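Trainee: In case you want the letters, here they are:
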Amino acid sequence: MCGIISVVDRAGNLMDGSKIKRALSLMDERGSGEGAGYAAYGIYPEYADCYALHIFFDNIVETKSVVEALLRTWGTVVHDEEIPTYEQPNLKKIHTPWRYFFKPDAALMSGTSSPEEDIVTYLVMKVNTTVPGALIYSSGKNIGVFKAAGWPEDVADFYRIQDYEGYIWLAHNRYPTNTKGWWGGAHPFNLLDWSVIHNGEITSYGTNRRYIESFGYKCTMFTDTEVVAYLVDLLARRHGLDKEMTVRALAPPFWDEIDVMPEKEATLNRAIRLTYGSAMMNGPFAIVVANHDGIVGFTDRIKLRPLIAAEKGDRLYISSEEAAIRRMEPELDRVWMPRAGEPVIGRVY
Amino acid sequence: MAIGSVPLRYRISIDRDRCMECGRCVENCPYGTFRWEGDRIVVDSRTCTACHRCIAMCPRDAITLTEHPCDYRTHPVWTRDARESIYNQAKTGKIILAGMGNASPLPPIFDRLLLDACQVTNPSIDPLREPMELRTYIGKKPSRLSFKRGEGGEVELQTELSPNLKLDTPIMIGHMSYGAISLNAQLALAKGAHEAGTFLGTGEGGMHPAIFPYQDNMIVQVASGRFGVDVDYLNRGAAIEIKIGQGAKPGIGGHLPGEKVCADVSCTRMIPLGSDAISPAPHHDIYSIEDLAQLVRSLKEATEWKKPVFVKIAAVHNVAAIAAGIARSSADAVVVDGFRGGTGAAPKVFRDHVGIPIEAAVSAVDQKLRSQGVRNEISVIASGGITNAADVTKAIALGADAVYIGTAALVAMGCRVCGNCYRGLCPWGIATQRPDLVARLNPEVQAEHVANLIHAWTMEVSELMGAAGINAIESLRGNRDRLRGYMLDEGLLKVLDVKPVGA
Ligand code: SF4
Ligand code: SF4
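Protein chains in written order, with the working numbering: chain X, 1 to 349; chain L, 1001 to 1503.
Here chain X stands alone, though its shape is the one from the complex (with noise of 0.2 Å):
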């Protein structure tokens, strides 16, 4: 269990979060009030060119010092400030969120071809691997991950979720299973550009964690949606590969409509499966990734889980449940279940 809903504008319309809000609120038989969280795109256009780093410290006398230099050694810290968060009576702060809007220098890194994004990846594996007591759960440029252990109205309280707009929001409300619910578990998982929301269990995870940690990777969240934002920063951003191959490689057509494709169509899919079989995702899911030019949604290959999508003019929604839909938007011009396996796309013209 556990409930999603996105949505993109694809003429880049901003949204405020009071909507995105309501329509998490309504899914809160998914969750277990113990982890909720919002990502959005376009909320910093004033550091658009800086990544902006959310952190959480347990304290800010020992650990913050310890990422400051980090920062500091490579790159520059443009304009830094504690999140602001507004207490709420049913959720205790534990942690003390912070932003950073860091610019990296990429004359630090040598010998690859996206130095600023290696060295963010970097940073984010370093302090969550060796600093204890901090945790960098959002590194983007011009987008931001809000999230906590609570309800979805809650966590959106707690940061006032309806004062930031962004052309693209993720949401997600969580039943914690494997891990226990805390504040890193929460949904969205972000790295760079990528931030993902996950519905359901990867059984995989075992074969896809030792394949992305051969990349350089560390998974440390203790939790399977870690692993799709990695997956995703290896083969959309670091292979090259686009939405749809990306899809096509985390969640393949089976054999055997592979081999009744046309012969073109099926080297290219068997290619896939050959070269990308540990990265291919088992198990229940329904996902959605976004990067700064739109979303994608997909399910596990017999959809295990729920998935649905809807639009009306620019705007695509993906969701858990379509009445979470109707609650942004009650008219809808289009809504349909993808199939299993089939991403629904939504870009940014």
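Each hint should be verified, as a subset may be incorrect.
Derived pair list, reagent style DSS-like, types lysine-lysine, alpha-carbon separation capped at 27 Å [what the hints assert, rightly or not]: (1) X:Lys64 - X:Lys141; (2) L:Lys1499 - X:Lys126; (3) L:Lys1094 - X:Lys264; (4) L:Lys1166 - L:Lys1368; (5) X:Lys264 - L:Lys1306; (6) X:Lys126 - L:Lys1494; (7) L:Lys1094 - X:Lys218; (8) L:Lys1368 - L:Lys1494; (9) X:Lys103 - X:Lys126; (10) L:Lys1348 - L:Lys1091; (11) X:Lys218 - X:Lys64; (12) L:Lys1494 - X:Lys218; (13) X:Lys19 - X:Lys312; (14) L:Lys1094 - L:Lys1348; (15) X:Lys141 - X:Lys218; (16) X:Lys126 - L:Lys1368; (17) X:Lys93 - X:Lys64; (18) X:Lys19 - X:Lys92; (19) X:Lys126 - X:Lys64; (20) X:Lys103 - X:Lys64; (21) X:Lys264 - L:Lys1368; (22) X:Lys93 - X:Lys126; (23) L:Lys1166 - L:Lys1306; (24) X:Lys103 - X:Lys141; (25) L:Lys1368 - X:Lys218; (26) L:Lys1368 - L:Lys1499; (27) X:Lys92 - X:Lys64.
None of these hints come from the bench; they were simulated from the model.
This one's a predicted model, so the numbers in the text were calculated from it and none came from an experiment.
Please build the complex by placing chain L with the ligands on the supplied structure of chain X, with the hints as guidance.
Mentor: Then chain L with the ligands, alone, in the frame of chain X:
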């Protein structure tokens, strides 16, 4: 003789009330355990190997075989086996030979690994209703793909894939040569593999023309003796395997005694009739990993880069480093053969004491290849001690792409694991070249048994996968989260990278 004879191992007795004196036991036992004395059948239990042929053939169920209780003074160190080996060697001054796999009572690690199943939060998948994919491709894979968008926006694949073997199941049959086993036995395995959509190895014995119809299911072996190897042979196989070592006898070569080299075997192996076929311990053109890489390339060159080339090594303690070296040659797969691997003949001291378990070896190889970022580019085949579908599943979860079975396939054809293969008298027509014995094995019937076994195991693997909520073998490979160790020490759990039960 000062030492005297060692006690009986087995005792055979005939229930005279049941026996109808048909004489089938006499005809069937190649070891001479039964003989006519006048009109009475007498038994010499001393020659019995517990091959069970007589029991299987007796129409009256009149024969009983019991393990003969040993009345040596009990001793925890000087076991019966230890003492009898010494008596025998004191008499003969020779190396003790043994057939089949390791017979020492070390606990199989597989039995201390438990598989996982889904409950509630992730549904198990029912293989009877949902697709379950066990198809496996063995061969080199690219580390990444490149695409180009064509004019009309369609995706163009730019990476060219190396040839791979397509298996309908992750279960293959390992190498057993014509010579070590009979032609009928090899034919049955070949037909069975063909039936089951998988492959088997020729072993180091060349390829007999009778096998040609199944050549698309054969992996041809190039071992240190190079018996039967020419370009025609290489081109016939679906893949080529270089054998460096084997689990039953790491570090030593092979020896097919001259008595087993009949006309047909001599022809197939390209050696003189009746001559001993001795494979040296090393390949005399391979003394380093670079030499091996050269041989891999030469074989590819000879077959126009159309065939995957495997390299088989015995599981020894530095197997991971060797495998990493192999992965960096042009080899497409590395076969790791554990210390429980079977054999036609090996010095007993090697069979029982050299090498390491396949479970630990596969795990270490997978880990090393991953840490070097090349795991995805080479296939790993595990062999040596796979006794059931759970072992197959566990081997894959530990990191293998596929497994080779050997003894299990022979057992499917009737082998009773009596361990006397090296004597060339196999009563089941398997490990023998004696025409009357060979004729006992019906290739058609046994092919079906082999195919049935592979089918049955494949179904069991898919059930186990379904229970674990996995519907494609790719997601089982290296998925150590689906395993838990029971009564394994911390050190071994670390090597296996598996959590203990309850964790
Ligand atoms: S095969 Fe059985 S019935 Fe026939 S002679 Fe032997 S013991 Fe008697
Ligand atoms: S192949 Fe024959 S000789 Fe060898 S163990 Fe099996 S039954 Fe005995």
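Trainee: Could you run down the list of hints and mark each one as holding or not?
Mentor: Evaluated hints:
no., hint, result
1, X:Lys64 - X:Lys141, "holds (21 Å)"
2, L:Lys1499 - X:Lys126, "holds (25 Å)"
3, L:Lys1094 - X:Lys264, "violated (62 Å)"
4, L:Lys1166 - L:Lys1368, "holds (25 Å)"
5, X:Lys264 - L:Lys1306, "holds (20 Å)"
6, X:Lys126 - L:Lys1494, "holds (24 Å)"
7, L:Lys1094 - X:Lys218, "violated (56 Å)"
8, L:Lys1368 - L:Lys1494, "holds (14 Å)"
9, X:Lys103 - X:Lys126, "holds (17 Å)"
10, L:Lys1348 - L:Lys1091, "holds (17 Å)"
11, X:Lys218 - X:Lys64, "holds (21 Å)"
12, L:Lys1494 - X:Lys218, "holds (18 Å)"
13, X:Lys19 - X:Lys312, "holds (15 Å)"
14, L:Lys1094 - L:Lys1348, "holds (11 Å)"
15, X:Lys141 - X:Lys218, "holds (21 Å)"
16, X:Lys126 - L:Lys1368, "holds (23 Å)"
17, X:Lys93 - X:Lys64, "holds (17 Å)"
18, X:Lys19 - X:Lys92, "holds (24 Å)"
19, X:Lys126 - X:Lys64, "holds (14 Å)"
20, X:Lys103 - X:Lys64, "holds (18 Å)"
21, X:Lys264 - L:Lys1368, "violated (35 Å)"
22, X:Lys93 - X:Lys126, "holds (25 Å)"
23, L:Lys1166 - L:Lys1306, "holds (14 Å)"
24, X:Lys103 - X:Lys141, "holds (10 Å)"
25, L:Lys1368 - X:Lys218, "holds (17 Å)"
26, L:Lys1368 - L:Lys1499, "holds (19 Å)"
27, X:Lys92 - X:Lys64, "holds (21 Å)"
Against the hints set out earlier in the document, violations occur for numbers 3, 7 and 21.
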